Structure formats: structure tokens, C-alpha cells
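Please arrange chains B and C on chain A, whose structure you already have, making use of the hints.
Protein chains in written order, with the working numbering: chain A, 1 to 74; chain B, 75 to 1044; chain C, 1045 to 1255.
Hints are computed from structural coordinates only; laboratory data are not their basis.
Just so it is clear, the structure is predicted and the values come from calculations on it, not from any experiment.
You may find that some hints are simply not true.
Counterexamples of contact, computed for chain B against chain C with all Cβ distances above 10 Å [to be verified]:
(1) Met231
(2) Arg333
(3) Thr401
(4) Glu406
(5) Ile545
(6) Glu690
(7) Leu826
(8) Lys836
Mimicking DSS-like on lysine-lysine, the simulated pairs with C-alpha atoms at most 30 Å apart in a straight line are [what the hints assert, rightly or not]:
(9) B/Lys198 x C/Lys1089
(10) B/Lys693 x C/Lys1191
(11) A/Lys66 x B/Lys693
(12) A/Lys56 x C/Lys1191
(13) B/Lys572 x B/Lys971
(14) C/Lys1128 x A/Lys2
(15) C/Lys1191 x B/Lys149
(16) B/Lys305 x C/Lys1191
(17) A/Lys66 x B/Lys973
(18) B/Lys946 x C/Lys1089
(19) C/Lys1128 x A/Lys56
(20) B/Lys648 x B/Lys235
(21) C/Lys1159 x B/Lys198
(22) C/Lys1191 x B/Lys425
(23) B/Lys973 x C/Lys1089
(24) B/Lys208 x B/Lys663
(25) B/Lys648 x B/Lys380
(26) C/Lys1191 x A/Lys66
(27) B/Lys198 x C/Lys1191
(28) B/Lys648 x B/Lys576
(29) B/Lys946 x B/Lys971
(30) C/Lys1191 x A/Lys2
(31) B/Lys697 x C/Lys1191
(32) A/Lys2 x C/Lys1159
(33) A/Lys66 x B/Lys704
(34) C/Lys1089 x B/Lys969
Even glycine gets a Cβ: it sits at the ideal position worked out from N, Cα and C.
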Amino acid sequence: MKTPQDPPRNGPALNPLQRRDILKTLGLGAAGAAAAAVLPAGDEAQAMESPQEQVKARYRETEHVKRFYALNRL
Amino acid sequence: MLVKRSSAKTAGGKRSGLVAALADSLESGVSRRGFLRRSGLAAGGIAAVGALPGAMIRKAEAGPILPNVEVVTRKNVCTHCSVGCTVIAEVQNGVWVGQEPGWESPINQGTHCAKGASVRELTKGTRRVKYPLKLVDGVWQRIGWDQAIEEIGNQLMDIRKASGPDAVFWLGSAKFSNEGAYLYRKLAAFWGTNNVDHQARICHSTTVAGVANTWGYGAMTNSYNDIQNSKALVIVGGNPAEAHPVSMQHMLRGKEHNRAPFIVIDPRFTRTAAHATEYVRIRPGTDIPVAWGLLWHIFENGWEDKEYIRQRVYGMDEIRAEVKKWTPEEVERVTGAPGSQLRRVAEALAKNKPSTVIWCMGVTQHTVGTANVRALSILQLALGNIGVAGGGANIYRGHCNVQGATDFGLDVSTLPAYYGLAEGAWKHFARAWDVEYDYLKGRFATKDLMEAKGIPTTRWFDAVLAKPGEIDQPSPLRAMMCFGHGGNTVTRMPEMVKGLEKLSLLVIADPHPTTFAAIKERRNGTYILPACTQFETDGSRTCSNRSMQWGEKVVEPIFESKDDYTIIYLLARKLGFADEMFKHITVEKDRPVPEDILREMNRSCLSIGATGQSPERLKMHMKHQADFDKITMRAASGPCAGDYYGLPWPSWGHPEIRHPGSAVLYDTSKHVMDGGGVFRARFGVERNGVSLLADGSYSKGSEIEDGYPEFTMAVLKKLGWDKDLTPDEMRVIQAIGGGGAEVDNVSWQTDLSMGIIRVALKHGCVPHGNAKARAVAWNLPDPVPVHREPIYSPRPELVKAYPAIEDRRDFRLVQLARSLQFKVADSDLRQRFPMVLTSGRLVEYEGGGEETRSNPWLAELQQSMFAEINTKDAERLNIRDGAWVWVYGPEDGSKAKVKALVTDRVGGGTVFMPFHFSGFWQGDSLRGNYPPNTDPIVLGEPVNGVTTYGYDPVTFMQETKVTLCRVEPA
Amino acid sequence: MARMKFLCDAERCIECNACVTACKNEHEVPWGINRRRLVTLNDGKPGERSISMACMHCNDPPCAAVCPVDCFLQTADGVVLHSKDLCIGCGYCFYACPFGAPQYPRTTDFGSRGKMDKCTFCAGGPEPDGSVEEYQKYGANRLAEGKLPLCAEMCSTRALMGGDGAVLADIYQERSLRRGYGSGAPGWSTAYGRNDRGSPFTPGGPSTGGA
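Bound-form chain A, shown alone (with noise of 0.2 Å):
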């Protein structure tokens, strides 16, 4: 995996067991994969993004992102 500096590890290690648990409790279950349709995906190769600009942040503090934390505030 692509990171811009390895995080430090710092969550709790799940074993596969443990995750299954918690999808069982949260009812998901495996009904994910039975998927019908097709999420279009271009066929040719694009232009990519360099690695440094794919991970680099697009999250930016703008008015409308300061509106949505007032609102969530009230």
C-alpha cells in the first residue's frame, strides 16, 4: 500500500476471526459480492496522477466545509 509515510500501527491487530464476528453482528454478511451491475471503468490506460500526487491530501478547511461543522454543532 501507497502511504505518504508509513503510519505508525498503532490499532489493535484483529484476527480474521474476530473480523467475522463483527461483520455477523453487524448483518452485512456476504451479501456484498452479490453485486448485479457494472460500475463503468475506462478501457484504455488514462493519464495517471504522479505517487506523490494520488495520496497527497485533497481535504481543504473552505466556508462550505466550516458550514457543515457549524450545522453539526446546533
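Just chains B and C now, with coordinates in the frame of chain A:
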């Protein structure tokens, strides 16, 4: 025979204008519209997408925003419920390509529910009706607009000639704009009938009748936003988490900020109940005993607001006498709700004031709907909660414009603005419309029929099937003009189907074909006119809280569809009265201009204060939404400073006097020019020697510091205020009064100069007078609400003690009640149909559901019709979750095949089914009966296929919430 | 540096599916693929709670750990993206994901999987921001436009939040204090670890029920 087309050029039909030109020129490029046109005509909906060549899919999915092409932002209002959420549409090349949150809206503040977040799909229109259609020997034929209007018009004229104007039923829609609703009512008036109705009949007609008869106006008293001021909330027979999800934003904020008790009273543990602090499960159809049960504790403990009752309420003592009978033991015996729990609820309401009562169709859709509404209203009066911010009767209306369509007269019992049908009302509108009263009278069969209530939509099929002597008009119904209204919305559908079969003409004007078109019994005489949605036209709509919002056209009507204004105009022109009807309304290319229609409404709808909401003011509010406070809804700055958002009616007088609208009705703490008010003096000034006028209570700044009657010239003269009228105003009043003694009778409601209103306001008085609210409404069948068991009661032993109303006649028809109820109670029906059936709403769908079930984003979320069955019942009946079951109804051998949803959401012995489905009938799919490519994605059995007889005596509201049924594994 | 997170406030969520539909609308997600969905616990019983789930954009994404073609990448603001050009539709990530986020279109009648699809935090993919190619494969890139995921922006009751995790934690703490209790932010500590200990009202904190 319909020809399937593969050519994109002809597929969408002709559209004109710049947008079309742009779209056409882009057809070879990445135009989404171009794709839609093609895909709409290929077979099979969702499957069709897969069937198209790959290249085409990619074109369609390209984008939503094309680089270097201008994006225009347009503001409209969601068409799916009465909350009134602002929709921000991004439009490129005349195609709606993106939807953004509208943060500025004081109502939804950018949020949506599933339906609101899906509205962009409506203008993609893959399942829409694309061109006019005619049913010939069971086959749908494509026809042109000219032919459609010509043929429909000719048939209407033939029917009129043979059977009179009352043989045509004009069914309008709560999805019309205000201007559309008003125009449709005017159309019926010019046609010469009062058989004109809409969805309010089947959702909140009993609310309108109940609260208007209590305190003056038939509307929500406060607002969704105002619930944030409530210290306690009780929701009776309502499930806003599914029906009005965005309102929950305000309710949950109120709950959190005020640590407010949040109480849900309902037979079903709804998703709203999941967020309640207290849930009270009751037996369906026992709302009055619950209300009186609460009031019993309130009176017993002296928790009522005695001073408020003395000043502002008439007849509370008679209520006390009735409430005394409802001891906790009797309440528990009838409703199932424990006395101790109701005491806790009563105390929560009484000790956390202001407290609000919220209700919805669980209260209104009953044989005692009006009485239910009245009982809850009286509860709030006893607590002194009406006319108070944070209190109120917060009645959540259903459709996006059901409040406005009601206000502007899509109703069998009144002209616009609740003027009624008496001669005076007709004369008022004759003046407003600038036509002779005698001309209007001449349009009707008789003067009596002109002043007689029409046939309500709940009973239209009874009026078709009636023999001539059984109906109080010259002919049974022979034709139905059905605009924007589902066919599965009436109870007793097996009877409805018979009525449908017998109609000689059925015209459906709708974006979707509706259930009416899919009923297989009809093979000829049906026309479908493609009407566009409110996103393809402009006009105002009124939310539940009475705010009016102007919706801006997002895109041109898609395919060959036309907006309601245009269709109404084309019909009026064909029927020969367009010149009179549109005398003061500009018509541009067959399209009446909505701003002009609203101006005519502003001039004439004085009685509800729908006069200050000029198109200019409404547009200004939409533009400056950000200036309005998110709780009080008042603008502190900017060009709308002082106004309440959307000028919630009443906004008295001419727009120029800048009345701010009234956010909270009957609020005496404010000056009338500040949105203050008092209870309306609508029922005289005295009864049996007791004054009906308020006693020492008045709105802030009123020069009359006591109750007063409604303002007329006579009252003005008595006060010496007639001198304040300008010469111009006097001239108008003189003209209306005919110059003689009648001048004294000219009232604030009929004075087209609005001088009387202006003068009353000038003196700080409310034009409609200042009266007491009526705890006793002597003109109703039950002046004091009393419990009456449903017609199909699951408790036959209670029927004799709490019988239904006597059989009677009203609305031109017979109404059976007690005779049928006794017959049911005395039969073995209870053994054969041992469970109670009730119905309600799902968040993904709306109303009859054709539109929302045609939207793939919504349809995917809810793919089957189902019946909720309690886990213990399911175990006993050997029904597994997800299995097919038959639900049998007690009338007409009715049945429905649905999936079982086994859950404790419903109590033992209760079955719940949602009402949004149709397209299946008694186990068979009707998919093949829809016009090609217009069948909704999801079909299911309509719950009304198994619902039964039962009507409220005041409005003929149908009983949808209590009947009997039997469930068996299929 | 702001860390993008989702937080669903179960006290507010009413299972209205606005988030699911907003996602469909914004990205033209086809029938059968659900980047986001509602999960309800105790359905129809007292204590019923719903939460809206999608890719949580984990600190240490297990999907990436198991991917045989290493198609995942994580942006500097924590968003987990993947390359559909590299994805082989093997399905390992689905088994690894604690939240059931990865979705696969069925490409043939025999049920073979297409390329994985999942929530992108409205941040597009490896293609240039806002390009048509990016939209075709991954949907809109709202983050690059200075906006947030539309599901959160449109949530009917302001239950679902998305954005700078520090701000969201702060908002959630305010809400919990106002209510007097916190019922936990489901998935928060699974996705982001338990490094927020200290306040009982912080998501994932000791007395809020944690995961």
C-alpha cells in the same frame, strides 16, 4: 399500436428553446440527456442499461459535471413531503447533473431524507410517461397533445350535455403548486361543479376540520423549527422518522438541548419510538380514550392552566364531564395503556411547559378522525399550550403542498381560502375574477348544486356505481379527470375497480401512469397526459408550517410533458371558457404565468392572509435564506429583515405593508404586525347567553384590550375607525356593498381594497376578531368528542357502549355507520378475521408510491410489499420471516399476497402493511398493463385492496387504520 | 494535518437512508452496489439503534494488508483509495474488512466478480482530480472541490458526520455532554484505534461503549 423507436432523434419528441438546441447539439458528445432519451425507450428499465452498447453507457455515466461547461445553480423545493426542504440543483446544458446541500435553508439546513436526496432522478425520467397515450381495446396508443385535448374536450362536452357538469369528477393534487391548485379549483368552478378534491381528503381533512372548528384555522399552529423550543414532545399516531425525517432534526435537537421528554403514543413501535424516552402502545382506534385518559390525570391533579382556560377557552366544563368517565381503569380496559404510564405522560406534559403535541395520519384516518383531532386540541388548550412558542398543535401534513392545495380550495366544500360555497363566497370570487355572478351560476346545473358540497375522493367510485336515486345530483359520475393522484389511495379497492370499469372517460395527467392506468378491467376510454414535476416548472408551495417557498424551474419539462398550468389552460380553452378564466392572468404560449396567478390569489384570498406573499417577496426570501434564524425563522438583517421565512400565513394585507407573516398562530405575546394573533371569531359572538369572545386576553399592543368580533364596516363605524379608510378604499367598499345598507356587511374577508384589514392592523387588532377557542363545537356531529369503536372493531363487547354514529346522508351520498358496525359485531366475523390490520408509511416511498417506486435509487432499498406480524402470532400461525402470506380482508372476498416481516414492532394481534404499493392484484402482477416502459421498478399488492368501509362524518375521511384481517401462509 | 474520519451518532440516526441515496445520486452508483448502507440493531425492539456504515478509512486498513496486487493507497489526510486498474476482483479485501465495505459488480452470469468498488470519502481515485476518467471509475471528487462526502452533508438529522476527525470528536463530545451520556460511536475504535482515551464522552473513549 405503439411503435418502439430506436432512433434517438425522434425518441424524446420535440422540445423547443435554447436548452433543447444545446442538448441536441451535444447529442454526439457526452450529453446525459441524449442518453436518457434513448434509454427511456429501450425495453426493460434497469435491464435496458445493461443491454445498451458499452460505449453508450460510458457516455451516460460520464461526468456529472463536464469540464469547461457552465454550471447553473437553481433552487427549488423537495416534492416529497410537507417539511419543505430546499433542493439545490446544478444544471449543465439544460440537464440536472448534480444536487448540493442547501445550507442556507432555515428549514432543512442542507439535509435530506432518502426521497429528498433522490429527486434529481425525477428529471432523468427513465420510467416517466413520455407522450400522451390513449387506451384502445386494451392497447396503449401514442397520440399527440392536440388530438388528446380535442378528444377529451369533446367527450367532456358530450357528458355535460347528457348528464350535467356534476357528472365529471375533477381530482386535483397536493403535488400542484399553490398556483396550480388555485387554477384547478377555478377550472372546476368555471366548469360548474363542486366535485373537485385532492389528497387532503385522505390525509388531514379531519385535522383541518377539527382544528378550524376549535380555534379558527385548519393548519399546524407552530413550525418544525419551533419544536426546538419545546420542553416536552408527544407524538400521537405519527412516525416522522419515516414520514418527515428532516423534521426529526429539529425534534432531536429539542430533545437534546432541553432534555425534553420525547413521548410516542402509537400501536406500533416505530422508528420514531426508537428515539423516544417513553413509548405508549395503544390499541388502534382508541385515541380519544387516551387523550381523555391524559386529561383525567391533568384535571384530577389541577395541572390545567386555569387562567388561560378562563380567558381563551369556551366550554371546558362540558369536557370535564366527559373526561370524568375515563378513569385509568376504563382507559386501560379500552386502550390497553396502563393508567400509571398515562399519569407519567400527563405529568411530563404538564410540568415541562411549553409542551407540544404532534400528530399525523394515525389520528386523522379514522371514522372518528375529526373527534380525535379535537380531543388532542382540547388537551393542548387545557394545558395552555396553544399560541405559545414551543407549544402548539404541530400537525405534520403529508404532501409537499397539501397545505397549500387545501388553502387554495381543492376541496368539495369550499372555494379558495375556506370561503365556503354560500352565495356570498361565490359573489366574492365573481368580483375577484371579474366575471358576473350570474355567469358562474349559469355554469352550474342549479344554484342548489352550486352551494352544495361535492363528492369527496374517498367515495368517488360509490358515486359512479350509485343508481340515480341514491345520489343527490342529477347523474352518477361518468368521467374522472385525475391530476397527480394515485389510484391505490382509497380504501375498498375491489369496489373502486368496479367504479373504474364503469367510467366512460378517465383522464390521468401525471408524470407516471399511476395505479388507475394498470387496472386491467378498463380497455377503452382512458387517456394519459404526461404532466411534468414541480422541478420542471415554477411556482410557490406551502409547507406544513404555512411558509410559502418559491420553486424555480430546474429544467424544461422532459420529453413531451407539460406543466399543470399549461394543461389546465389547454382544457379551459377547449371547453370554451379560457377568456373568462384567464381574464387577468397573462398566458404566454399556452402557459399561464404563475406569478400572475399568485397575484390574483393575493388579491382574493384575504381570509387566511394569503395576501402579503407576493411573488416578489417569496423570491426574495429564497434568495436571502441565509438571513433567517434557524429556530425563530425570522430575518434579523438583509432585505427581508423582520420577516418570518416564507411569510407563513396569515401575512395580512397588501404586500406593501410588509406584514412579516405569523410563525406561531394565536400568539398574544406579539403585536399583530409582528406576527401576533388571537383565536378567530368565526362562530358568532355569543351562545346560550355566554360570550364567545376572549375575556381580557388580546394580542400585544391591541387598542381593544378585550375580545372583539370580526371586523366589518359596521364594526369600524361603531369604533369610529371608518374615518381611517382612504377614499379609494371607501369607493371599493361602497361598490361591493352595492351602495346601500349592505355596505355595513362588507367585512375584512370581502373588502377587496383590504382597507378594513389595514385599519384593524393600524389599531393593533387582528382582522378576524378575538374569540375564545371552542372546546365544544356545537355544529359538529359530536360537539364534545366521544369514543366510538371502529366499524370493524376487534372488541365487539365494547361496541354497544361505544357505538358508531347513526347512519346518515352527506356529501350527496349515504353514509353507513352504526348499522354496519352492529352487523359486524353481531356476526362471526371476529372469529374468521381475528387480527387488526393497520397501515402506514415507509421512508423510501411516498403516497401511492408510483413515482418513488419508479426511482431506482429508492426502489432498490425496498423491493417487496410486506406485512409486519408479531413474533408470537407468526409462531402460532407457522409463518416464517420473509415467507409469502395471504392477508384476507372481510369485504368482497378481498385478499393480498405479501411477504411476512416477523417483528415485535407490532403488538400481538396486529398486522401492519405499508400503503405505497400497487401493481399486483390478489396475487397477480399487473406489470403488463402499464404503458410500455412506464411500469414502476417495484410493484406490490396495495394495502387498500383489503381495507374496508368506514368514514368520518365531518369530512368523509376513510378509515385506514383499523380493520380486521386474517393471515395465512401462502 | 487533518485526518478524515466518519462518525455516525446513533442517538441521531433514524435509518432514513438519505446517506445511501445521496451516495447513489452523487456517484451514479448502479443498482446492486451499495457503497454505504444502514445497519439496524434490535430492529423493532426497545433499544433499536441504527448506524450508517461504509468504508471507515481505517488507520491501518486490513483491506490493504491482504490485497495481493497492492492496489490500495492512503492519502495524506487518511482517505483509503484503490486503483481499479490494478484490482483483480479477488475478494480478499471483503473478507478482511471489519465493516463489509468492499463491493463487487457481478460481471458474468456465472457470478464472477468485477473490480472492487467502495466508498472513496468522495475523494475520487488515482486519476487527476475532477477528471472524467476519475468520475467514471470512482465517482465525484468532492474533497478536491473543498467539500465533504455528500452522505454526511445531506444526513437528515446530522447523525452521520464526515471530515476532520479532531473536529468530529469535539462535536460528538459536545453532544454527549449536552445529553448527559454517550452511547458510543460504532466502529470508531475499530477503524482508528483507542488513542483518544481521557474523556468519557470522546468517541471510542472508556465509558461510551467504545466500538
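Checked hints:
At roughly 45 Å, the least C-beta separation between B/Met231 and chain C is larger than 10 Å, which holds for a residue marked as non-interface. Distance check for B/Arg333 against chain C: the nearest CB is about 7 Å away, which does not clear 10 Å, and the non-interface claim fails. Every CB of chain C is more than 10 Å from the CB of B/Thr401 (nearest about 28 Å), matching its label as outside the interface. B/Glu406, annotated as away from the interface, keeps every beta carbon of chain C farther than 10 Å; the closest lies near 20 Å.
For B/Ile545, the requirement that its beta carbon stay farther than 10 Å from each beta carbon of chain C is met, with the minimum near 44 Å. For B/Glu690, the condition that its CB be more than 10 Å from all CB atoms of chain C holds, with the nearest at approximately 30 Å. The claim that B/Leu826 is not at the interface with chain C holds, since no C-beta of that chain comes within 10 Å of its own (minimum 43 Å). The beta carbon of B/Lys836 is kept farther than 10 Å from every beta carbon of chain C, the shortest such distance being approximately 44 Å.
In summary, the hint linking B/Lys198 to C/Lys1089 is not supported, as the alpha carbons are separated by about 39 Å, beyond the 30 Å threshold. This hinted pair checks out: B/Lys693 and C/Lys1191 have alpha carbons roughly 27 Å apart, not beyond 30 Å. For the suggested pair A/Lys66 and B/Lys693, the alpha carbons sit about 27 Å apart, so the restraint of at most 30 Å is met. For the given pair, A/Lys56 sits about 16 Å from C/Lys1191 by alpha-carbon distance, which is consistent with the 30 Å threshold.
Distance restraint check for B/Lys572 and B/Lys971: the Cα-Cα separation of roughly 21 Å lies within the 30 Å cut-off, and the hinted pair is therefore satisfied. Between C/Lys1128 and A/Lys2 the alpha-carbon distance is near 15 Å, which keeps this suggested pair within the 30 Å criterion. Of the pairs offered as hints, the one joining C/Lys1191 and B/Lys149 holds, with about 19 Å between alpha carbons and a cut-off of 30 Å not exceeded. In summary, the hint linking B/Lys305 to C/Lys1191 is not supported, as the alpha carbons are separated by about 35 Å, beyond the 30 Å threshold.
The suggested pairing of A/Lys66 with B/Lys973 is violated, with an alpha-carbon distance near 46 Å, which exceeds 30 Å. The straight-line distance between the Cα atoms of B/Lys946 and C/Lys1089 is roughly 14 Å, inside the 30 Å bound, and the hint therefore holds. Under the criterion of a C-alpha separation no larger than 30 Å, the hint pairing C/Lys1128 with A/Lys56 is consistent with the structure, at around 18 Å. The suggested pairing of B/Lys648 with B/Lys235 holds, with an alpha-carbon distance near 15 Å, which does not exceed 30 Å.
Using a Cα cut-off of 30 Å, the hinted pair C/Lys1159 and B/Lys198 holds, with the two alpha carbons roughly 27 Å apart. For the hint linking C/Lys1191 to B/Lys425, the alpha-carbon distance of about 44 Å lies beyond 30 Å, and the restraint is violated. A C-alpha spacing of about 20 Å is found between B/Lys973 and C/Lys1089, which places the hinted pair at or below 30 Å, so the restraint holds. Only pairs whose Cα atoms come within 30 Å are accepted, and B/Lys208 paired with B/Lys663 is accepted, the gap being roughly 25 Å.
For the hint pairing B/Lys648 with B/Lys380, the CA-to-CA distance comes to about 60 Å; that exceeds 30 Å, so the pair is violated. Under the criterion of a C-alpha separation no larger than 30 Å, the hint pairing C/Lys1191 with A/Lys66 is consistent with the structure, at around 10 Å. As the CA atoms of B/Lys198 and C/Lys1191 are separated by approximately 25 Å, the hinted pair is consistent with the 30 Å bound. For the hint pairing B/Lys648 with B/Lys576, the CA-to-CA distance comes to about 25 Å; that is within 30 Å, so the pair holds.
Restraint check for B/Lys946 and B/Lys971: satisfied, since their Cα atoms lie roughly 21 Å apart, inside the 30 Å limit. Taken as a hint, the C/Lys1191 and A/Lys2 pair is honoured in the structure, with Cα atoms around 24 Å apart against an allowance of 30 Å. Between the alpha carbons of B/Lys697 and C/Lys1191 the distance comes to roughly 22 Å, so the proposed pair stays at or under 30 Å and holds. Using a Cα cut-off of 30 Å, the hinted pair A/Lys2 and C/Lys1159 holds, with the two alpha carbons roughly 19 Å apart.
Only pairs whose Cα atoms come within 30 Å are accepted, and A/Lys66 paired with B/Lys704 is accepted, the gap being roughly 17 Å. The hinted pair formed by C/Lys1089 and B/Lys969 meets the criterion: a straight-line CA distance of about 29 Å does not exceed 30 Å.
Hint compliance for this structure: hints 2, 9, 16, 17, 22 and 25 are not met, and every other hint is.
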